[in-house]
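Colleague: As they're listed, the protein sequences go chains A and B.
By the numbering used here, the letter at position 19 of the first sequence is numbered 19, and the numbering carries on one by one without gaps.
By the numbering used here, the letter at position 2 of the second sequence is numbered 2, and the numbering carries on one by one without gaps.
Hints are computed from structural coordinates only; laboratory data are not their basis.
Just so you know, these numbers come straight off a predicted model, no measurement behind them.
Any given hint could turn out to be false.
Claimed, not checked - If you want the ones that stay clear, here's a sample from chain B, every Cβ over 12 Å from chain A, calculated:
| id | residue |
| --- | --- |
| 1 | Ala2 |
| 2 | Thr4 |
| 3 | Glu47 |
| 4 | Asn79 |
| 5 | Phe88 |
To be verified - Interface residues of chain A toward chain B, partial, derived using beta-carbon atoms under 10 Å:
| id | residue |
| --- | --- |
| 6 | Thr26 |
| 7 | Cys37 |
| 8 | Cys41 |
| 9 | Ala55 |
| 10 | Glu73 |
| 11 | Met76 |
| 12 | Tyr83 |
| 13 | Pro84 |
| 14 | Glu96 |
| 15 | Glu254 |
| 16 | Gly346 |
Backbone N, C-alpha and C define an ideal beta-carbon position, used for all residues, glycine too.
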Amino acid sequence: MKYEAIIGLEVHVELATKTKMYCSCTTEFGGDTNNHCCPVCLGLPGSLPVLNKEAVNYAIKAGLALNCTINKETYMARKNYFYPDCPKNYQITQDETPLCTDGYIEVAGEDGEKKIRIHRIHIEEDTGKGFHRVDGSYYDFNRAGVPLIEIVSSPDMRTPQEAKEYLEKLKAILQYVGVSDCKMEEGSLRCDANVSIRPEGSEEFGVKVEIKNMNSFRAVEKAIEYEIKRQIKAVENGEDIVQETRRWDESRLETVSMRSKEHAHDYRYFPDADIISLSVDDEWINRVKESLPELPEQKKTRYVKELGLPEYDAMILTMSKSLAAFFEACVAEGGNPKEVSNWMMGELLRTLNDKMLEIDDVKFRPADLVKLIELINKGTISGTIAKKVFKEMFETGNNPEKIVEEKGMVQVSDEGAIIEIINKVLDENPQSVIDFKNGKTKAMAL
Amino acid sequence: MAVTIKDVEYVAKLARLEFNEQQMQKFTQDLNGILGYVEKLSEVDTEGVEISIHPFPMFNALREDIVRPSLDREEALLNAPEKEDNLFKVPKVIE
Ligand SMILES: [Zn+2]
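Isolated chain B (complex conformation) (with noise of 0.2 Å):
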């Protein structure tokens, strides 16, 4: 299952990334020679075995409700390239 340069403008898309034609190109080179490797692993017969999310069959690290402080709101809002009126501001999104 090649990846095509279709397939990588997709999820540059998805990914809100923008690339020209020569790293579109790249991309689709890099993606294909990993993808490759990693093919690698379809080797091994998984019949029956259980997908797994952790390397450790660990279960439940659960956090009490308990109400801890927040951040200040000053403290909050630091890092936001725009803000007004204690709110973050971003370019104008309507769905």
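So that you can see chain A by itself, here it is in the shape it has in the complex (with noise of 0.2 Å):
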């Protein structure tokens, strides 16, 4: 029998607020332990807690940018749990009422465009960091009470590239809009993964079961990937799935029971009357719409259309905000858009795919790249001396003219020169030139 994956996503997102959600502590990373919490935070008896202003401003961004509905009057809802991460042992976050709805992304998709529906967005807090040692368990509280969002996706993905795809969409608008630096290595976006089967063409909905503990998007790939075919050999083994939660185990590249259904959490929800309820109008949220910069979508058409650049490339550059900006960059440097388009899809992305380095790593700057190329056009190197001097300035950052000067990688273009250097090529390889004439294009190598 054939089956078919259903897959939903759950991102928690942090916000790039300078204060926690709660209290005014400092959001920034880095420096001592607990250096960063006060009684809010540290959920100390008579503490009161206050809504930072600008994470609903950033969480209406996000609600916009990913085509939802703002809810108009939301109130915050105490989750109950006992783990040591959570000082208050509850979370405030949003339960009923999530302050955005129903949104959508659209991804490539293997048959063409396809959207992938946003279920819910809500705003929370971030729990401390925990360190477990042989004689106990140790907290850090300067995360907890970071200013989150969790993006609840609907169960529209059908194959683990899609989940993929969609994870690099949201956190490409996430970052255009400036909400998050969606850092997956650093904690600021966190994937969890909700996986079941079914024989195609079946309407039902199979036993559910949700992956953590993934600490990439090849990860997250890589998990859902294991999951389906974990679930596709146990219910042909016979086996009933188990709603449970399991965790990737990144060194075995396996999935792992981590809880059953019976051991699930019940959070207890209820309304939080410490936070006085939210009430979102019009003019808010019209005044969030207008400060939204151009989305990656409106930027592709536009590259496509001003600029001339073929689909596909505008697709690629505007995949993350630091690429546009690159390419932009060296437009305004005075680039030739094909012409840069076709450097950076090809020299730029293949040497950062190749070192597994992002475009803000790149020493260079756009000027440099916009230079070589212009040195190409004049003539002055060929284009397979272009990529050597390319490789060049991508180790070093040194712009492309000093390179060309340093190295004597000058084009030689004077006719009879290269002439003088034919003839003194043939005159020592006469057996070369008696073969070439007799058909043997091996000679063609030297």
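From the two separate chains plus the hints, produce the assembled complex.
Modeller: Structure below.
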């Protein structure tokens, strides 16, 4: 039998506010442990949380960029649980009234563009960080209370690749609007996946399994891929899929059971009366709308229509804010959009991929790439030499003119000089000349 | 909807509290008494009435995103029953 996978993603994103969600402690990274804490984020008795206005702004921004409806009246709720990363023994979050609902993201998809619906986005707070040693667990509460949004997708994805595409697009959009830096390795973007399978063509949903602990987009893709295979194998062996939470084990490349449904949490949500309800009117929403920058989709259309880029190139270049910014800086420096795009799509992205680097790691300036293209166009260097110069630029960050000059890479365009070299080579290899005349093309290798 | 001893056991477990059999019995009785009293409220017709979180229709007590000093670390850790390396120490927990 053929099976189809049903995938939904829950993404937590740390908002780029200066202060925490309910207190004025800084959200800055680094420094010593437990030095960004106060009575509110330590959950000391009698302390009163007050909602951060900018965090609400950012959440609305994210909601609008993800095509959501912003709900006019919402309230905060307590999610009760006992775990030492949560000093209050409850997290202040939203339950029945999420700030944003019913949005979507468009991904490329295998059979053309596909809409992945966003079920809800709500605001909440991050937890502290635990370190587990032999003799006990140790906690740093600097991250406790840092503003988060949780973005819950509908179960609209069918393949691990679609899930990865959704995440990439989501990250790009959130970075564009500047609500988060979305660095998965630093924990400012985290993702859990819900996976179930069903016979192809069936309308019913299978029992879903939640997967946690995936630390990169690649890991999300791998974990979902593994989980789908595991579930299909179980069903084919006549076993039941158990509703449970499983943890992705990066070293063993498999998902491992964490807790079953019987041990699922019972959070006993109820409204948090410490925080006055939130009312967002049209004026507020419009103000945020006006502050939205050009989104990837709009940028892509502009690149195709105004700069004449192929659709695919425009999609790749707008995939991240930094990549688009680099491209636009090159064009602003006088670069021809198509030529710049060709170099970025070719040498630049290939080198970044090979070295597992990001565009932000590039040492040379956009103006240097424009200069390199100019050197080719003027005939100073050939395309082949340009690739060598590019490699040097990438490694050292030096400007292309300097590299060409220092390494003596200037293309010889004096015809007399070239003929002289050719004659010299031919004189030194008489056998090859004869071979070539006799039709042996191997001599061309010279 | 009467409260059973099972309900009390469950809620106690959620709250990480431990009681003996006798206390459990007493709580079951007490809670049934309290809930029976509160039950009176369900006589009021609340059809179409919005859930109220606060006694007053107040909205948007919000704070500007401006950093203020946090506690000194020594002060933050002052009440911790156990601490080490400037971290709060608790019995080992791994989920
Ligand atoms: Zn604080």
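Colleague: What hint numbers does the structure not satisfy?
Modeller: 4, 5, 15 and 16
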